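*Asks:* Here's the letter readout for the chains.
There are 2 protein chains.
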Amino acid sequence: MATKSREIRLKSRPVGMPEASNFEVATVDVADPGPGEVLVRNQWMSVDPYMRGRMYDRPSYVPPFQIGQALQGGAVGTVVQSNDPKFAVGDLVESMNGWREAFVASGSALNKLPGGVPPQAYLGVLGMPGMTAYTSFHRIGEPKAGDTVFVSGAAGAVGSAVCQIAKLRGCTVIASAGSDEKLAWLKSVGVDAGVNYKKGNLLENVRAAAPKGIDIYFDNVGGEHLEVALDVARPFARFIECGMISIYNDKEPAPGPRNMSYIVGKRIKMQGFIVSDFADMREQFYTEMGGWVRDGKIKAEETVENGVENAPKAFLNLFSGGNTGKMLVKLG
Amino acid sequence: MATKSREIRLKSRPVGMPEASNFEVATVDVADPGPGEVLVRNQWMSVDPYMRGRMYDRPSYVPPFQIGQALQGGAVGTVVQSNDPKFAVGDLVESMNGWREAFVASGSALNKLPGGVPPQAYLGVLGMPGMTAYTSFHRIGEPKAGDTVFVSGAAGAVGSAVCQIAKLRGCTVIASAGSDEKLAWLKSVGVDAGVNYKKGNLLENVRAAAPKGIDIYFDNVGGEHLEVALDVARPFARFIECGMISIYNDKEPAPGPRNMSYIVGKRIKMQGFIVSDFADMREQFYTEMGGWVRDGKIKAEETVENGVENAPKAFLNLFSGGNTGKMLVKLG
Chain A
1 MATKSREIRL KSRPVGMPEA SNFEVATVDV ADPGPGEVLV RNQWMSVDPY
51 MRGRMYDRPS YVPPFQIGQA LQGGAVGTVV QSNDPKFAVG DLVESMNGWR
101 EAFVASGSAL NKLPGGVPPQ AYLGVLGMPG MTAYTSFHRI GEPKAGDTVF
151 VSGAAGAVGS AVCQIAKLRG CTVIASAGSD EKLAWLKSVG VDAGVNYKKG
201 NLLENVRAAA PKGIDIYFDN VGGEHLEVAL DVARPFARFI ECGMISIYND
251 KEPAPGPRNM SYIVGKRIKM QGFIVSDFAD MREQFYTEMG GWVRDGKIKA
301 EETVENGVEN APKAFLNLFS GGNTGKMLVK LG
Chain B
1 MATKSREIRL KSRPVGMPEA SNFEVATVDV ADPGPGEVLV RNQWMSVDPY
51 MRGRMYDRPS YVPPFQIGQA LQGGAVGTVV QSNDPKFAVG DLVESMNGWR
101 EAFVASGSAL NKLPGGVPPQ AYLGVLGMPG MTAYTSFHRI GEPKAGDTVF
151 VSGAAGAVGS AVCQIAKLRG CTVIASAGSD EKLAWLKSVG VDAGVNYKKG
201 NLLENVRAAA PKGIDIYFDN VGGEHLEVAL DVARPFARFI ECGMISIYND
251 KEPAPGPRNM SYIVGKRIKM QGFIVSDFAD MREQFYTEMG GWVRDGKIKA
301 EETVENGVEN APKAFLNLFS GGNTGKMLVK LG
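Chains as they are written, first to last, in UniProt numbering: chain A, 1 to 332; chain B, 1 to 332.
Hint data in this document are derived by calculation from the structure and do not stem from the laboratory.
Keep in mind it's a predicted model, so treat the numbers as computed, not measured.
Please note: incorrect hints may appear among the correct ones.
The list treats identical chains as interchangeable, and a pair is accepted whether it falls inside one copy or across any two copies.
[As the list claims (entries may be wrong)] Straight-line distance between alpha carbons at most 30 Å, and here's what the computed BS3-like set of lysine-lysine pairs gives:
{"no.": "1", "residue 1": "Lys187", "residue 2": "Lys112"}
{"no.": "2", "residue 1": "Lys269", "residue 2": "Lys251"}
{"no.": "3", "residue 1": "Lys251", "residue 2": "Lys212"}
{"no.": "4", "residue 1": "Lys269", "residue 2": "Lys11"}
{"no.": "5", "residue 1": "Lys212", "residue 2": "Lys4"}
{"no.": "6", "residue 1": "Lys167", "residue 2": "Lys4"}
{"no.": "7", "residue 1": "Lys144", "residue 2": "Lys269"}
{"no.": "8", "residue 1": "Lys212", "residue 2": "Lys297"}
{"no.": "9", "residue 1": "Lys11", "residue 2": "Lys299"}
{"no.": "10", "residue 1": "Lys144", "residue 2": "Lys266"}
{"no.": "11", "residue 1": "Lys144", "residue 2": "Lys187"}
{"no.": "12", "residue 1": "Lys167", "residue 2": "Lys198"}
{"no.": "13", "residue 1": "Lys266", "residue 2": "Lys251"}
Based on the sequences and whatever the hints tell you, model everything.
*Replies:* Here it is in structure tokens:
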């Protein structure tokens, strides 16, 4: 018996800032699972800033989304019907089949999840954003106790994980976010100083918060924040280039920092990465980060929209600062 | 008996491009050496692009030059009189007391040089520029045989050493320089393809020379070259940030590359350095590079001005592309 599933399709490629009209809802019949296949009903799906890049029609590390087809992204769901002996009805599984209510996939495309934490943690602090934060902060940032760490986009899923990991490593943490409420939450989880980038002069405010300069910059936003970070960087600073959300929607490429020569004079290391580059750290991540989450040493905040029809809204809100912590869509 | 020495002083700080009027010649009496001191007559002195940075009055990794005082820089000379038992008359020594004909210094500020190569090699391919090229190319560039290496400022002292070291490591080398004559010389020492950055569209020309992209970018110039390198970089490319001569004389800071987001998407590592950061590689450098130079596997070209009074001219010519290979001033 076919299962009805609503899904979100890319209707047109955004030019500049994405809009609701770039998306459409469709209802499809999901066929019964064939041999080796599993039927899954999604409970939660993730929207992430990197998905904006897949809406451009250009070569990248992941192929572009196709117009008229369902979008993709991280999701956790429950097995409803299984023709793969590795999965039983009721199992919690992770997939890249987000943006839809139900789907059939080969068991090999699913990842069975342990319990013990809320299922949506596997889309946030114990999922791709958490692993992004944990792996790059250690591998590129090379943190030492006493380092000063500046984090942009600090209230987001990745940024808020970085802030808390840095505190656990004995660092001083300066967080930039777009509202005083977000900064208040970040201080409640241990951040030393907050900068509201929408108020006053960013460079002056960061200088005041980090009078001795910074040793590590965790970059989620690019643009002006990157220029400021170059200005306040100490010699041998490490720049973890995770994302540049401030320029993802630019129609014309914006000029880069005016102070690039600091990279030479201050001997800065600036390095980009994709979380899969650090797949060798997966076990270490699950062990250490899992322990921190279970022990309450790392707190995960969430912003939740309900229903697949609100997934585009959740995605659009990423670019207007609508989320504190992980932005999620509850489907189940 | 005092020794007369002519020296070059900074008369005024350059604003934008340095001019002859920023310098002045003075004649001083050099006193006889005291206990532990040595009197040296310089044979050769070096002018290098990094000296422009010391003409600004700002904190940096080396203190700024002072107005009315003699400039400083690498020099090789001969011991004329010695009160330090470690130095004998006739010894060849290296110092940071360039821009003058003779000087007295503590023996501890001098470095005795072996023979076997022309003395001025210790200001070029076996000196600071050669060590800059050798250490950073290996330590930051992490070259593998088969890599494609793009070198800007390729005809200069550092760039031409990088090109030849890269060839010895089995890399394909694309060189950018400002004249067809320079490129012809670079091809004569093994470079695979040359781009004259003064002719046509730089991006198109680099793309044509490196159709599969680049794995290592050795940056001496910054500016447009850096943007082009980001465009043609392959995933996991390493950018060795040695210098940005194209922007050293900017009166207003110029915007950076418009394609900074490639650092994330292509997982680029961009790292600045100062040669002293890699002091631990000194012995390896002398051994391997010395062998290459003696065996004729690395060729050093020179552009020479004569007389300390022409040192400012030599320095100014660095910024108009007046040198092929190491720019030197012959004093002895």
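*Asks:* Among all the numbered hints in the text so far, which are the ones the structure does not match?
*Replies:* 1, 4, 5, 6 and 9
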